[in-house]
Amino acid sequence: MRFMMIVVPKAYENAAADFVPPADLIAKMTKYNDSLTKAGVLLGLDGLTPPAKGARVKFAGGTPKVVDGPFTESKELVGGYWMLQVKSQAEAIEWAKRAPMLDGDVIEVRQVQEIEDLPPDVRKAAGR
Amino acid sequence: MSDIHEAIDAVWRIESARLIAGLARMVRDVGLAEDLAQEALLAALERWPASGVPDNPGAWLMATAKHRAIDALRRGKMVERKHETLAPELEARQVSPEDELHRAIDDDVGDDLLRLMFTACHPVLSTEARLALTLRLLGGLTTEEIARAFLSPVATVAQRIVRAKRTLAEARVPFEVPRGADRAARLSSVLEVIYLIFNEGYTATAGADWTRPPLCDEALRLGRILAELEPQEPEVHGLVALMEIQGSRLRARVRPSGEPVLLLDQDRSRWDRLLIGRGLAAFERVEALGGTLGPYALQAAIAVCHARAATAEDTDWTRITALYDALAQLTPSPVIEVNRAVAYAMAFGPAAGLEIVEALAGEPSLASYHLLPSVRGDFLEKLGRRDEARAEFERAASLTRNERERALLLARAAAAGRPNS
Chain U
42 MRFMMIVVPK
52 AYENAAADFV
62 PPADLIAKMT
72 KYNDSLTKAG
82 VLLGLDGLTP
92 PAKGARVKFA
102 GGTPKVVDGP
112 FTESKELVGG
122 YWMLQVKSQA
132 EAIEWAKRAP
142 MLDGDVIEVR
152 QVQEIEDLPP
162 DVRKAAGR
Chain B
1184 MSDIHEAIDA
1194 VWRIESARLI
1204 AGLARMVRDV
1214 GLAEDLAQEA
1224 LLAALERWPA
1234 SGVPDNPGAW
1244 LMATAKHRAI
1254 DALRRGKMVE
1264 RKHETLAPEL
1274 EARQVSPEDE
1284 LHRAIDDDVG
1294 DDLLRLMFTA
1304 CHPVLSTEAR
1314 LALTLRLLGG
1324 LTTEEIARAF
1334 LSPVATVAQR
1344 IVRAKRTLAE
1354 ARVPFEVPRG
1364 ADRAARLSSV
1374 LEVIYLIFNE
1384 GYTATAGADW
1394 TRPPLCDEAL
1404 RLGRILAELE
1414 PQEPEVHGLV
1424 ALMEIQGSRL
1434 RARVRPSGEP
1444 VLLLDQDRSR
1454 WDRLLIGRGL
1464 AAFERVEALG
1474 GTLGPYALQA
1484 AIAVCHARAA
1494 TAEDTDWTRI
1504 TALYDALAQL
1514 TPSPVIEVNR
1524 AVAYAMAFGP
1534 AAGLEIVEAL
1544 AGEPSLASYH
1554 LLPSVRGDFL
1564 EKLGRRDEAR
1574 AEFERAASLT
1584 RNERERALLL
1594 ARAAAAGRPN
1604 S
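Protein chains in written order, with my numbering: chain U, 42 to 169; chain B, 1184 to 1604.
With the rest of the complex left out, here is chain U (with noise of 0.2 Å):
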């Protein structure tokens, strides 16, 4: 099975757009990464700059609309991610639970979909 653990860290709620993370908590990262990786259950992982330097594509009443960041009503913003390859859900919970994060910070635990597990016409609409 496969989950992404993604990561939505408080400091993002209002980090300017040159924030970059202390370099004691990227050292605790790297430790973190390095004992996936060790374990045999990285696919592959990503951080992302902040938010205020982002855009946001919004839909509604028909035409898509620009919004630049910082996007100063918004909580939760992602900030990076860990594809996981593990045996269950509960695998990934306990690796997410690891991982060195600062108070108020979220990983948010998802298994990523597979077209296998869809029903016959969702299945057929995709072309499998």
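To be clear, the hints were calculated from the coordinates, so they are not data collected in a lab.
Honestly, I wouldn't trust all of these hints.
Stated by the list, open to error - Stretches of chain U that chain B covers, calculated by requiring three or more beta carbons in the stretch to come under 8 Å of a beta carbon on chain B:
hint : segment
1    : 89 to 99
2    : 129 to 137
Unchecked claim - For each label pair, taking beta carbons as the anchor points, the in silico distance ranges come out as:
hint : chain 1 : residue 1 : chain 2 : residue 2 : range
3    : U       : Ser76     : B       : Ala1464   : 18 to 26 Å
4    : U       : Ser76     : B       : Glu1546   : 47 to 55 Å
5    : U       : Pro141    : B       : Pro1517   : 49 to 57 Å
Heads up, the beta-carbon is just placed ideally off N, CA and C, and yes, glycines get one too.
Could you slot chain B onto chain U? The hints should help.
Just chain B now, with coordinates in the frame of chain U:
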């Protein structure tokens, strides 16, 4: 299963191999180490439902297993030979067995994991025993899970594991990573076991399903762990690259109806790009280490050729023939020759392929191998030698045990027998 039991399962999955490896170094007996780890698991199953999972569950299991080990040591439960080997060492260092245990288990566990892999794949064990023990000790799988994976009765697998542990103890197999000349052969055995697990998932030898992806996932996990433990071994990365790329095709390999889809007929948009990327990266590690390519690296290089081709027509068959030539030199086998013939036919035309398979005509190990006449029939048909092609397809049909394949071969035989339209 309740949440707490799922959580305990997950902790076991993550911690068990390191736990067993650390204990095995101390008690010098993989079987006893596993028993101690299992006792710690039982203690967790007893206590955690009430207390909750501790903050550091791995340390809790370690501490509990350590206590059991010390109890066992005190009660003299460990078999005599362990005292023989353990006692002088402890006396020489003038430390108590308890201190020694604590020290050993707190050490870095990477080396111990590697020792555990080499021990579980020791040549004193049968291949089946190596597979079962590796999945049990390194994969943290239960006997029931292993039995399900290999479609064997639970009792058979349980027996196999008990016997394997006894064999290791009786043969006094040291808990170590072999040095010197022995090392390469022993590493080969580890790689072979991992690849056998992968292949059992990739092309199941029995059962209703053509593939069993969980076994592929398990083998990939073991391979990735080994790649971190043995980063200087090109063949380890070769095997990982091969499995990542083959694994990337799993979804494209089976129709929804369960029928197999051969490589050149697969919908390449269904290949898993993430795994292909990982496979290419693993192969770069092989190349960065330099030297001539070993058997796994050569097979990985062939897989890389396919992975890099956007369509079947884009395949670099000339390079694949060169890789098969190297593979056939390194590990000659009739089956590799058949594959080499197919590559030659794709690169240089059916006559080139036919020349290679003709040389295999009297090969006794291929007497009942249906792919040989099937491939030969294909070459002959393309060369316009239709009567001979028909006979080959019919022979292939009589040899295959797969119904779908037989029907296909008979249809090809019939088509070859019809006059040109």
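Hints versus structure:
no., hint, result
1, 89 to 99, "violated (count 0)"
2, 129 to 137, "holds (count 7)"
3, U:Ser76 with B:Ala1464: 18 to 26 Å, "holds (19 Å)"
4, U:Ser76 with B:Glu1546: 47 to 55 Å, "holds (49 Å)"
5, U:Pro141 with B:Pro1517: 49 to 57 Å, "holds (54 Å)"
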